[in-house]
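Novice: Below are the chains, spelled out letter by letter.
Number of protein chains: 2
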Amino acid sequence: MLIHTIAEVREQVKEWRKQGLSIGLVPTMGALHDGHKSLIEKSVEKCDKTVVSVFVNPIQFCPGEDLDKYPRTLEADEKLCNDAGVDIVFAPSPKEMYGEGHILSNDFLTYVIPPYFYTDKLCGKSRVGHFDGVCTVVNKLFNIVQPDFAFFGEKDRQQLIILKKMVKDLNIPIQIIPCPIVREESGLALSSRNKYLSENDKKEALVLSKILFNIKACYEKGIKDCKLLHETAFSYLNEHHSLEYLEFRDADDLEEKKIADKNTIVFIALKIGDVRLIDNIALENV
Amino acid sequence: MLIHTIAEVREQVKEWRKQGLSIGLVPTMGALHDGHKSLIEKSVEKCDKTVVSVFVNPIQFCPGEDLDKYPRTLEADEKLCNDAGVDIVFAPSPKEMYGEGHILSNDFLTYVIPPYFYTDKLCGKSRVGHFDGVCTVVNKLFNIVQPDFAFFGEKDRQQLIILKKMVKDLNIPIQIIPCPIVREESGLALSSRNKYLSENDKKEALVLSKILFNIKACYEKGIKDCKLLHETAFSYLNEHHSLEYLEFRDADDLEEKKIADKNTIVFIALKIGDVRLIDNIALENV
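Those protein sequences? They're chains A and B, same order as listed.
Positions 96 to 381 (the working numbering) are the ones given, in order, by the first sequence.
Positions 96 to 381 (the working numbering) are the ones given, in order, by the second sequence.
It should be emphasised that the hints constitute simulated quantities derived from the structure, not laboratory data.
Zero decoy hints are in this set.
Quick list of the computed label-pair ranges, beta carbon to beta carbon:
| no. | chain 1 | residue 1 | chain 2 | residue 2 | range |
| --- | --- | --- | --- | --- | --- |
| 1 | A | K109 | B | K263 | 11 to 21 angstroms |
| 2 | B | P268 | A | Y211 | 21 to 31 angstroms |
| 3 | B | E351 | A | G194 | 16 to 26 angstroms |
| 4 | B | L332 | A | A102 | 45 to 55 angstroms |
Note that the structure is predicted; figures quoted are calculated from it, not measured.
Even for Gly, the Cβ is constructed at its ideal location relative to N, Cα and C.
Start from the sequences and build out the full structure, keeping to the hints where you can.
Specialist: In structure tokens form, the structure reads like this:
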């Protein structure tokens, strides 16, 4: 069922609550791919009812980012959801989410601001304000849908860690369920932004997963010094790759690691031409 | 029933929800007086179950403010609540609310930040960060108790307006119920901080309500120019009074008024010695 208004979602959810049914929420920006599908399937399996939100959230894009050209494929998204057994596809307009005049600055809108220690690094460094926008919209979606469980992909691992922190800090009565990265056979992590890549760029993009897989292999062979592990990356990089970061950080609080351990995540971001891609890997299963 | 832990409140509230009972929350910092009592009575009347939280929230006090000496009278508060028919008095420790190490800066804690346009004026001007602390703790309490209704006094009118804005912006499924200021027969608005006043200071403190009542009387006689209305205050002030602000603002969005109208609130703050007092009045019933 495709729903565009907050009031209709609330009405339906209220009915489910009365019947004692459990509710799963999968927040997305649409352009759904097999990564999203794995989240949706997990929710459908775990919960009595599943809501997928499809909303390209303007306040998590920074000036100059791809808000306008971000892929919008609602018809295909709805079909994927229906086929997967989703109960509600919630696709509100920006006006529905942020009101009539919708002035989106923090002069006129209440924001949920995650801690600086979590946002001043990795993607937060180049995407200033991004996670403020993410936390604010996810908080709104949580309040609208009031799910028992919310499903987020490990592909956006910094986001996942920040949202778990938000849930803990604000005592939000919702359990966050992390879902593993889905990769093409080539190793490339699925992303809606992969649509921006030419065939040749896609080959170049394999460098992210190659670097991560190799670091994990080195770690498993006994190399724990993050500086040494970091150096193994350079042989993979060429003039098509503009490395933004390659960092070793804690899976819970994003503290930097000098010596890799079982709680270490390796984070990478790089640009192929104009397209910015991210990936990450846990050195052990966390 | 006095409860100190989040888990116990949640358990009890869950039980009530199952039974389809409506829940009212009255968030307080304790030191309860007849003003609080009127909020509590309204909740007990309107809702099946009433929770009163008693928590002196450290993150809404600015450096140099009265966090340590703020009156704490839990035993008397509990008695007042029991007599009024309250179901739960929730009195958590700072550790229970903010965790073990509880580092309370925005480096390590997720904050709910109301819009600057609402917080850069009136009390927000001298109490920088105060409303960030208020919104964050109220958001936490909302998530812990998940009430249908929450009761706030018009005494803290800027706070009330900001919390209504937060509820709207974040789609919080709770209705805010404003409750009128309770005054002594003298006109003095009740406040936990009145305990700081000597007998003589208390007489001096009447200046706040006198100024507001007089402005309202002038308005009713037909004076609408806020500059003229403002000037009527000066004859009441003497060397014991240090006026912080006397302002005319909109009841919904705190925009400044040049010409008073039915949506105008007059806000006043002044110090008697070291004690900072606030009061306000609606020029018509809003």
